[in-house]
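Chemist: With the hints as extra help, turn the sequences into a complete structure.
So you can see what is in the structure, the chains are spelled out below.
Protein chains: 2
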Amino acid sequence: MKTNTTTIKEIAILLGISTSTVSRALRGLPDIKPETRNAVARVAQELDYQPNQLAKNLVKSSTKTIGVIVPELNFHFFSSVLISIEEAALQAGYSVIICQTHESYLREVNQIENLVNSRVEGLIISLARDTTHYGHIEKLIRKKIPVVLFDRHSEELNISKVIVDNIKAAFEATEHLIQRGCKRLACLAGPLNLLISNERVQGFKNALEKYNLPFYPEYVSHGDFSKEHSMLQAFNLMNLPNPPDGILTISDRIGFAALHALKQRGIKIPEDIAMVSFNNEPFCNYFTPSVSSISQPIQEMGKEAVNLLLKQIENESPIPETIMLKTQLVVRESSMRKVEEN
Amino acid sequence: MKTNTTTIKEIAILLGISTSTVSRALRGLPDIKPETRNAVARVAQELDYQPNQLAKNLVKSSTKTIGVIVPELNFHFFSSVLISIEEAALQAGYSVIICQTHESYLREVNQIENLVNSRVEGLIISLARDTTHYGHIEKLIRKKIPVVLFDRHSEELNISKVIVDNIKAAFEATEHLIQRGCKRLACLAGPLNLLISNERVQGFKNALEKYNLPFYPEYVSHGDFSKEHSMLQAFNLMNLPNPPDGILTISDRIGFAALHALKQRGIKIPEDIAMVSFNNEPFCNYFTPSVSSISQPIQEMGKEAVNLLLKQIENESPIPETIMLKTQLVVRESSMRKVEEN
DNA sequence: AATTTTCCCGCAAACGATTGCAGTAACTAT
DNA sequence: ATAGTTACTGCAATCGTTTGCGGGAAAATT
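In order, the protein sequence lines correspond to chains A and B. Position one of the first sequence corresponds to residue -18 (my numbering), numbered consecutively onward. Position one of the second sequence corresponds to residue -18 (my numbering), numbered consecutively onward.
Hints in this document: simulated from the structure, not taken from any laboratory. Possibly wrong hints are sitting among the right ones.
When chains are identical, the list treats them as one kind, so a pair holds in a single copy or across two.
Simulated crosslink set (PhoX-like; lysine-lysine; CA at most 25 Å straight-line) [said to hold, decoys possible]:
1) K164 x K149
2) K319 x K244
3) K41 x K186
4) K124 x K(-10)
5) K(-10) x K125
Modeler: Below is the structure:
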């Protein structure tokens, strides 16, 4: 389909002037006689001229665009961070291109390549589940393309990132469960190679250790965030000879599904089993019982990621910076057991 | 920050050949001696050459990109359709740029303009809540830029769209409530000027009419999908002298919040009030009671939207086509009242 | 040996803008 | 009247590719 777009040249010919004059007139540069300026404006209006961004970008070799890559658009956490990223970028005069990897390493590599070829000026990335080696990211650094990681990062990468203290957050959540009287604690985790999942498990372990509670490996199970996996994880926990009386789930996606599974088995929450989850999605409030969850600073996360990126883009400061934001445990019914005084 | 990218020219100079030869060699065109081809490949590899997509697009005046505009990335329905849109586009060799309007008309206009200036080859749009006149869309048609609307459309626009029969869907849901013994039916709707909301209300009315049930205007209330609005809508309904015994909500976002509000008031669902909602988000299963909801063909919707768009892009067929997809009522606990035989 | 064919490759224009520099006309100052 | 400004505008190169056309050398055909 041939879309007829008018160019600067057509305007120039129509008015019998040069393209440079038209260009300058349209952009409000000085040194243009008012009459010419008006004439140009008029004709541009009539022909509904729209500048070709591609040409513009090519000559200025600047796109004022940043690329954002997330595992899944569908996850409430990511779509929310995206909103704040876009907001912050827009304010700084940048637009964003959003891509998703569907947790696939190959797709991540592809998407990054595409964005780089399209000359985005920087990238904000949350790594895919399947990403276990980081050559593609290191290549970006070598090429001096600004990159910021958020949430799903890697310790191997010495690079700017904005994250939360997952270990501490999980520790606090577990501690809370212990203080509510839980003795046999379980943890429903994500994929085995996912750093943030492992960090949260670590925090879980730390809390057990501090309170001298035993750690049983079979009380920690891994899944892929899907409803099916998560419910299975919960069922398996129930089928153990000595089921847990407190569960930490490292994501609301897992938590909600697990809650569903437990309720299906007629287990009373929080009396039989208390629960704390991660992310504090709005739905936590809606469930019966409402779900205690660790709130992530979504707004800030997006804003800081953009800030870090812009700093790299504009100040050519390649010194990697890590911003660690605070989480907050929001206690609701699912963990509010009555605890006998002693 | 100056990112040093290698160009075709540098390769050419390094090898003492012309840029055209390099270009052809890299793209595997014929008429290139194997040795030159290899040499080019080698040097390109060494210098980590990445073609400049901007330049490419400019000369080919084709970007193989489509733009998608949705009101809010955060809505499960939209992010899900986006996934299937991206999938379908990718398969056809197109990439997608995703934008959100946050329900604002001005932003919609802006985003469209940007995308057009960036020379996307077509647009898939779900209109913003605040969009009440359609000059910006009509302009696209005048300029022969392929456009497809989905979900949030407008009757004023004679243009390709993929939608569902909202009237029929709401009718069936309401009929179901009536068949489960509801006599006083209410409807929690969205913004007043939102077509799909009004269509659903219309279907609601149609069912009342068919079954000779009275329609009270105060039983239909409008909100903006927010938790606060939706809960308020529900509370207002409860405060009526003669509260309803059946509620249709035109979106799960409203439905979940309403359910929460009703439960807060100690109302038994479905015994006191039965409920059916719209969209069949995965969470419907998780609630207590689980929520009956009308399932939208999300996958298909995305796929068909892309198909319609590609048809316009590639076949220059500007004949508007409307694809109406089937919904399905998924009955769960929230509407399963015991109904006495008679 | 002359002609044709095949194989490679380069020149230069094009895509649609921006921009440094130069040039002309009008206006001001001497 | 001449020199010096000032106000505008155009030329041409540039960004990094692609592509039609033409041409020379080698190989094949007569």
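Chemist: Are the hints correct? Go through all of them and say.
Modeler: Against the structure, the hints:
1. Proximity of K164 to K149 under the C-alpha cut-off of 25 Å is restricted to the intra-copy arrangement: shortest distance 20 Å within a copy versus 54 Å between copies.
2. When the C-alpha separation of K319 and K244 is checked against a cutoff of 25 Å, the pair qualifies both within a copy, at 19 Å, and between copies, at 22 Å.
3. For the identical chains of this complex, K41 and K186 are neighbours neither inside a copy (53 Å) nor across copies (58 Å), given an alpha-carbon limit of 25 Å.
4. With identical chains, the CA atoms of K124 and K(-10) are at most 25 Å apart between copies only, with a shortest distance of 18 Å across copies and 36 Å within one.
5. Taking the shortest alpha-carbon separations for K(-10) and K125, only the inter-copy value of 21 Å comes in at or below 25 Å, while the best intra-copy value is 36 Å.
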